[in-house]
Amino acid sequence: MSINVLMLRNLRKNIRNYYLYVFALVFSVALYFAFVTLQYDPSMDAVEGSIKGGAAIKAASVLLVAIVSIFLLYANTIFIKRRGKEIGLFQLIGMTKNKIFRILSAENFILYFGSLILGIAVGFSVSRLILMILFKIMGIDAIASLRFSTPALVQTLIVFFVIYLLIMLMNYGFIKRQSILSLFRVTSTTEGNVKKLSIFEMIIGIAGIGLILLGYSISSRLFSGDLTSMTQLSIAMITILASVIIGTYLFYKGSVSFIFHLIRKKKNGYLNIKEVLSLSSIMFRMKSNAILLTVITTVSALALGLLSLSYISFYSAEKNAKLYVPSDFVLTDIDDAERFKEALVADNLVFTEKKTEVILVDVNMEKVLGETPKSSGIVSKIMPLPVISENELEGIDVSPDETYFTKTSSALDNLISLKDEGPIEFKGTHEVIPQTYTTINKDAPILGYFTGGGLPVAIVDETVFERLQNNLDPALQKKSSLNIGIDMKERASVEQANDLFQNMNFKKGSITDSQLETKNNQKQNMGLIMFIVAFLGLTFLITSGCILYFKQMDESENEKPSYTILRKLGFTQGDLLRGIQMKQLFNFGIPLVIGLLHSYFAVKSGWFFFGTELMTPMILVMLLYTALYSVFAVLSVFYYKKVIKESL
Amino acid sequence: MAILEATKIHKSYGNKLNKQSVLSGLDISIEEGEFVGIMGSSGSGKTTLLNVLSSIDQISNGSITIEGTEISNMKEKQLAEFRKNHLGFIFQEYNLLDTLTVKENILLPLSITNTPKKIANEKFEHVARELGILELKNKYPNEISGGQKQRTSAARAFIHDPSIIFADEPTGALDSKSASDLLNKLSELNQRRTATIVMVTHDPVAASYCSRVIFIKDGTIYTQLNKGEESRQVFFNDIIKTQGVLGGVQNEH
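Residue numbers (our numbering), protein chains in the order written: chain A, 1 to 648; chain B, 1 to 253.
Bound conformation, chain B alone (with noise of 0.2 Å):
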C-alpha cells in the first residue's frame, strides 16, 4: 500500500510576468517501510519537493495524500495537526534547541500529543537505546559532536513513529565515520520498525543506503533505480553511474 501518493505537483514561485517553475508535473508514490533517497544535481528542485511533501511548502497545482489524508488543501492548523502526528524531521543543520538538554530535545514531539509522561519515558528509553545516545540524556546540543547531535535529531523524529520521516541531507555536515554510522542505525531503524523514510541527499554514499533512489532534474523525475537484492557496493556503482548521466550543464551546440 502506498503511504504517499503525490500526483501531477507543480511548484512555481513568483508572480504571473514572472514566474520560475521549481516542480512541473512530478508524480511520486512511496510504499509503507520504503527507505527512498532522492537526488539531483544543485537547483534540481529536490528540497522543495521535500518541503511539499511535508506540508512545509504549498504546492501551486496537483495533490498530495498521506495514509489517504489530502494535505495539499488544509488550512494552517490541521497541517500542524498532521505534522505532529504523522511526520518527522532530520535536517542537516540537527536543529536542535540548544537551550533543551539531548532527552527534552527527543521528548518534544511525545509533548505536543500529550502522551502520558510513563509512556514517554518508556519510548524515550527504547528510541534512545537503539541509536546509542541513552548515556547522553542530560547534555546540552553544545557539549556533544556532529553524529550525536544528529542521531538525537533521529532520535526525535522516530519517537513518536511517524508514517514518514523527511530527513533533509543528514549526513551533509558529518565526517565520513559519523555519516556511515548514522545511515546504518537509519536503515537499522528502517527495518526494526519499518518506517518509511524519505531522504534528500546529494551524496552517492548516503544514498547508496537506499532501497530506491529516485533522481530529479528540472522539476521532473529523471529516472528510478531500485536496489533489489544487490549488493550496496553494487548499487553505488550504479548510482554514480547515473549521476554522471545526469549531471553537468547539457551541452547547447
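Bound conformation, chain A alone (with noise of 0.2 Å):
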C-alpha cells in the first residue's frame, strides 16, 4: 500500500471523528467571509460613514480572527491527541517522524482546505441574508445586493492559510517531543491524578466564592455615590475585574470540589448511580481545567455582558426619545415654529401645538440629596434646574409654598438618588424661596435641552413662578427659554411631518428636535453596535460551545473503562444515561451559570447609562443565549449515549 492509499484510507477512516472539527471550521470560515464581504461592500458604505463604522467594523474582524484561531488551535491539539496511537503504531513499523508528519499535513490539507471552501461558499450565500438582518435592525431602507469580493475571499485565504501554518507547526512540535511510549499512553495521560483534597483547596474553594461576592459587591456600589473621583472609580473597576477573574478561576480550581466534597461527605460513601457519574467525576476534571474554563466563563460573561447593554439601549431608544423629546417635534424659536406650523398647513396635516415657558434657576439641594457624601465631586448642592409654571400643564395645582419634581432619568436617579420629598431652597438673584417638593410620576414635559437630559423639572405655583421670573440670573438662562411642542393628531401624519421637518431651514444655531429622528438615530448607532456585538457573541457561543462539546467527547473516551465496569455491575443503559445527563447539567451548566450571573452583576452597575429598561431585554438575550447554548449540552448528550451503548 502506497503512502498515499494509505493517506486516503486514514482521512475516510476518520471523518467521523473529524466531523465536528469540519463542522468548525466551516462555521468559523463562513463567519468569517461573511463578515470581510459586508466590509468590503460598497452597500455598507452608507452604513460606514454613519458613524465610523468602518473602524468598528474592522476591530471586530480582528477579534473575530483571535477568536477562530484560538479556538482551531485548540480543536486540533483534541484531535491529535486522538490519534496518538496511530502515530505511534507508524513510528513502531519504521517511518520517520517527517514523513508522518508529512502523511498528517497531507490528511489535514484535504479536510482543511475543502472546509475552507465549502466554508466560503456557505459564507457567500448568508452574507446576504446578514446584510438584510443588519439593514432591518438598523432601519436603513436599501436594498441588500451583494457581489462576490475578490479583496474579501483573499483576506479569508491568507487569514485561514496563516492558522493552517500554525497548526502545522503544533502538529510537528507533538510529533517531534513524543517517543513511540509516550504516544501509546498519551490518552490516559491528560487528566491530572486523583487525590484527596487538602485543607490549602478547601481554603482556595472558600477564597474564591469569597472573591466573586467581594467583585459582585463593590460593582453594586459602583456608581451609587460612594466612590466621587475618577481615580477611585478606575481603581473600583480593575479590582472589581481582578477579583472576580481570579475569584472564578479558584471557583473552578477549588470551589466546585470543595462543595462536591461536602455533599459526598454527607452521603458517607454511599453513593447513587447519578452522584458517582456527575460528582465524582467533575470535582476531578473542573479542576484540570481550571483555566480553560476560566477563560470561556469570563469571556462569555463579557460577550452577555455587551450583547445585553446593546440591546437595552436599543430596546430603551423609543423611551429615550419620548423622554428627550416630549413632542413630536419640539422648537425653540417663535419664527421657526411659525414656517413649520405653515408647512403643515400646506399639507393638511393636523396638529396641536403647546408653548411652555421654561426659566433656569438656582436651587440648593443640600437636604435632599440622598446619602452622597457633601463632598462628592460629581453632584454640587446647588444645581439650576428648570422650572415652568402649574399652569403649562392640565391637572396639576401646586400650593405657593410647594413644587412639583418630574421623574429623573435613570443615570442620574442612580447618581444622585434624591430623596422623595423635602425641603428646597430657589435662589433668584434677590431674594430665596423656600419651598417643599414633592415628586410626581411624571416625566419631564420639556426638551432636553432643558433638563440637561435629566434633572428634574420643578413645577411651581404661578405666584411663585413670576416671583422667580422678576429674579432671573441671566448668566443661567439658555438662549431661548420657550418650548414649543408640536404633536401630530394622528399617529400615520408623523413620517410626512418628519419629513417637512428635515428639510425646513431652521435658523441656525436655533434648537429644534424631532422624536422620530432622535429615535431612528439612536437605533442606527446602537443597531450597528448591537450587530457586531451579536455577531462576534455569536462565534464566541459557537466556540466555546464547540470547546466543551470536543471536551466532552475526550472525557467520554477517557470513561469508557469505568462505564464497562458500571454496566457489568449492573447498571443499564439508562441509568448511565441519567447520570450522564446530570454531569453534563454540571458541565455546562455551571460555566453558564456563573458567566450569566457575571454579566448579570456587570449589566446591572451600569446600565442606566444605555437605556430605561433593564429587566426585558437583558433577559431576552440571557434565555436566547441559553437556549443557543444548551444545543451543545444536548449533542454531548447524544456522544455519551453512543459511547456507553459501545462499552459492553
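Don't take every hint at face value.
[Unchecked claim] Mimicking DSS-like on lysine-lysine, the simulated pairs with C-alpha atoms at most 25 Å apart in a straight line are: (1) B/K77 <-> A/K274; (2) B/K75 <-> A/K641; (3) A/K266 <-> B/K123; (4) B/K123 <-> A/K560; (5) A/K479 <-> A/K354; (6) A/K341 <-> A/K560.
[Unchecked claim] What follows is a set of in silico ranges between Cβ atoms, one per label pair, in the way DEER data are often shown: (7) A/I238 <-> B/S145: 33 to 39 Å; (8) A/K81 <-> B/N15: 47 to 53 Å; (9) A/R102 <-> B/S24: 46 to 52 Å; (10) A/I209 <-> B/Q20: 56 to 62 Å; (11) B/N142 <-> A/I238: 40 to 46 Å; (12) B/L246 <-> A/I15: 45 to 51 Å; (13) B/E93 <-> A/K645: 19 to 25 Å.
Source of the hints: derived by calculation from the structure; they are not laboratory data. We treat Cβ as the ideally placed atom computed from N, Cα and C, and that holds for glycine.
Two independent chains are provided; combine them into the complex using the hints.
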C-alpha cells in the first residue's frame, strides 16, 4: 500500500471523528468570510460612513480572527491527541517522524482546505441574509444586493492559511516531542491524578467564592455615589475585574470540588449512580480545566454583558427619545415654529401646539440629596433646575409653598438618588424662596435641552413662577426660554411631518428636535454596535460550546472503561444515561450560570447609562444565549449515549 | 443443587461465510459453595466462557440457567437487573472507578439495589474487615497498592451476597505475596459465606486454591480435576501435570 492510499484511507476512516472539527471549521470560515464580505461591500458605505462604523467593523474582524484561531488551535490539540496511537504505530513500523508529519499535513490539508472552500461558499450565501438583517435592525431602507468580493476572498484565504501554518507547526512540535512509548499512553495521561482534598484546596475553594462575592458587592456600589473621583472609580473597576476573574479561577480550581466534597461526605460513601457519574467525575475534571473554563466563563460573561447593554439601549431607543423629546417635534424659536406650522398646514396635516415657558433657577438641594457624601465631586449642592408654572400642565395644582418634581432619568437617579420629598430653596438674584417638594410620577414635559438630559423639572405655583421670573439670573438662562411642542393628531402623519421637518431651513443655532429622528438615530447607532457585538457573541458562543463539546468527547472516551465496569455491575444504559445527563447539567450549567451571574452584575452596575429598561432586554438576551448554549449540552449527551452503548 | 447449569453452549464470532467458533457444545455445572477454577491456554475460550456465563456476552446456541433462571434469552434490561442481584465480578485490572474512594467503590452494587443506608454500612464494615481494608475506606484507588485494589474489588463483588462471583485472572497483575494473600482471602470467604466463585486463571498456583479445576481446550472441556481431600501441594502437582499434557501445539506429523 502506498503512502497516498494509506493517507486517503485514513482520511475516510477518520472523517467520523472529525465531523465536528469540519463543522467548526466550515462555520468559522463562513462567519469570517461573511463578515469580511460585508466590510468590503459598497452598500455598507452608508452604514460605515454614519458613525465610523468602518473602524468598528475592522476591529471586530480582528477580534474574530483571534477567537477563531484560538478555537481551531484548541480543537486541533484534542484531535491530534486522539491520533496518538496511530502515530505511534507508524513510528513502530519504521516511518520517520518527518514522513509521519508529511502524511498528517497532507491529510489535514485536504480536510482543512475542503472545509475552507465549503465555508466560503456558505459564507457567501449567508452574507446577503446577514446584510438584510443588519439593514432591518438599523432601519435602513436599502436593498441588500451583494457581489462576490475578491479582496474579501483573498483576505479570508490569507488568514486561514496562516492559521493552517500555525496548526501544522503545532502538529510538528507534537510529533517531534513524542517517543513511541509515550504516544501509546498519551490519552491516559491527560487528566490530573485523583487525590484527596487538602486543606489548602478548601481554603482556595472558600477564597474563590469570597472573591467573586466581593467583586459583586463592589460592582453594585460602583455608581451609588460612594466613589466620587475618577481615580477611585477606576481603581474600583480594576478591583472588580481582578477579584471576579481570579475568583472564577479559584472557583473552578477549588470551590467546585470543595462543595461536591461536602455533599459526598454527607453521603458517607453511599453514592447513587447519578452522583457517581456527575459529582465524582466533575469534582476532579473541573480542577484540571480551571484555566480553560475561566477563559470561557469570562469571555461569555463579557459577550453577554455587551450584548445585554447594546440591546438595552436599542430596546429603550423609543422610550429615551420620548424622554428627551416629549412631543413629536420640539422647537425653541417662535419664527421657526411659525414656518414649520405653515408647512404643516399647507400639507393638510392636523396638529396641536403647546408653548411652555421655561426658566432656569439655582436650587439649593443640600437637604434632599440622598446618601451622597457632601464632598461629592459629581453633584454639587446647588443645581440650576428648569422651572415651569403649574398653568402649563393640566390637572396639576400646586400651593404657593409647594413644588412638584418630575421624574429624573434612570442614570441620574442612580448617581444622585434624590429623596422623594423634602425642603429646597430657590435662589433668585434678590430673594430666596423656600419650598417643600414632592416627586410626582410624570416625565419631564420639556425638551432634554433644558433638563440637561435628565434633571427633574420643577413645577411651581403661578405666583412663585412670577416671583422667580423677576429674579432671573441671566447667566443661567439658555438661548431660548420657550419650549414649543408640536404633536400630530394622526400617528400616521408623523413620518410625513418628519420629512417636512428635516427639509425646513431653521435658523442657524436654534435648537429643534424630532422624536422620530432621535429614535431612528439611536437605533442606527446602537443597531450597528448590537449587530457587531451579536456577531462576535454568536461566534464566541459557538466556539466555546464546541470546545466544551470536544472536551466531553474526549472525556467520554477516557471514561469508557468506567462505563464498562458499571454496566457489568448491573447498571442499565438508561441508568448511566441519567447520570450523564446530570453530569452534563453541571458541566455546561456551571460555566453558564457563573457567566450569566457575572454579566448580570456587570450590566446591573452600569445599565442606566445605556437605556431605561433593564429586565426585559437583559432576560431576553440571556434566554436566547442559554437556549443556543444548551444545544451543545444536548449534543454531548447524544455522544455519550453512543459511547455507553458501545462500552459493554 | 447446581447453582449454574450450562448445556451445549456454542459461541461463534463473525458472519456466515467466515465463522470463528470459540465455544463448541460445552456443558458445565457448578454447585453452590464451590470454588471452581477454569484453566486453559491462550485462545482456548476461557474468557469467552466466563463472559457468556456472566451474561456479559450472548451465546449463539444452548442454554444457561443460574439459580433456575434461564439467562440466555433475556433482554438487555432484564440482564442488567439479573446481574445486579445475582452476580459479582473481580477483574484482572481491578476495574475500580478512579474518582471514587474505596468505600464508595465497594458500596456501588448496594446503591443499585437501593439498599437502606444503615444496612449498607453494616455490610461494608463486615466485608471490609474480613478483607482487611477497613482503614483504607477514605483513600482513592491510586493511593493504594495493587493487592489492596484487588481486595477492594473483591469486597465489591462480595458485598451484596451474590449467587455467583466471577473472577477473571484476579491475580494476573499482582506480585506473588499479594496474590497468595488474595487467594487465601477468597477461599476463606468461599468457606465462611458459602459463596460460589468461578475463577479464570492460567496460573497453576492460583488454580490450586480451588476445589475443582476445569481445563478448556479449543472450546470444549478437556478434563476436570477435583481437589477432594488432597493437600494444596499435591493438587498443584496434579494441575501442573495436566497442564503439561494439555499445553502446546500438537505435532501434526
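(message) Hints numbered earlier in the text: which of these fail when held up against the supplied structure?
(response) Of the numbered hints given earlier, those the structure breaks are 4, 6, 7 and 8, listed in rising order.
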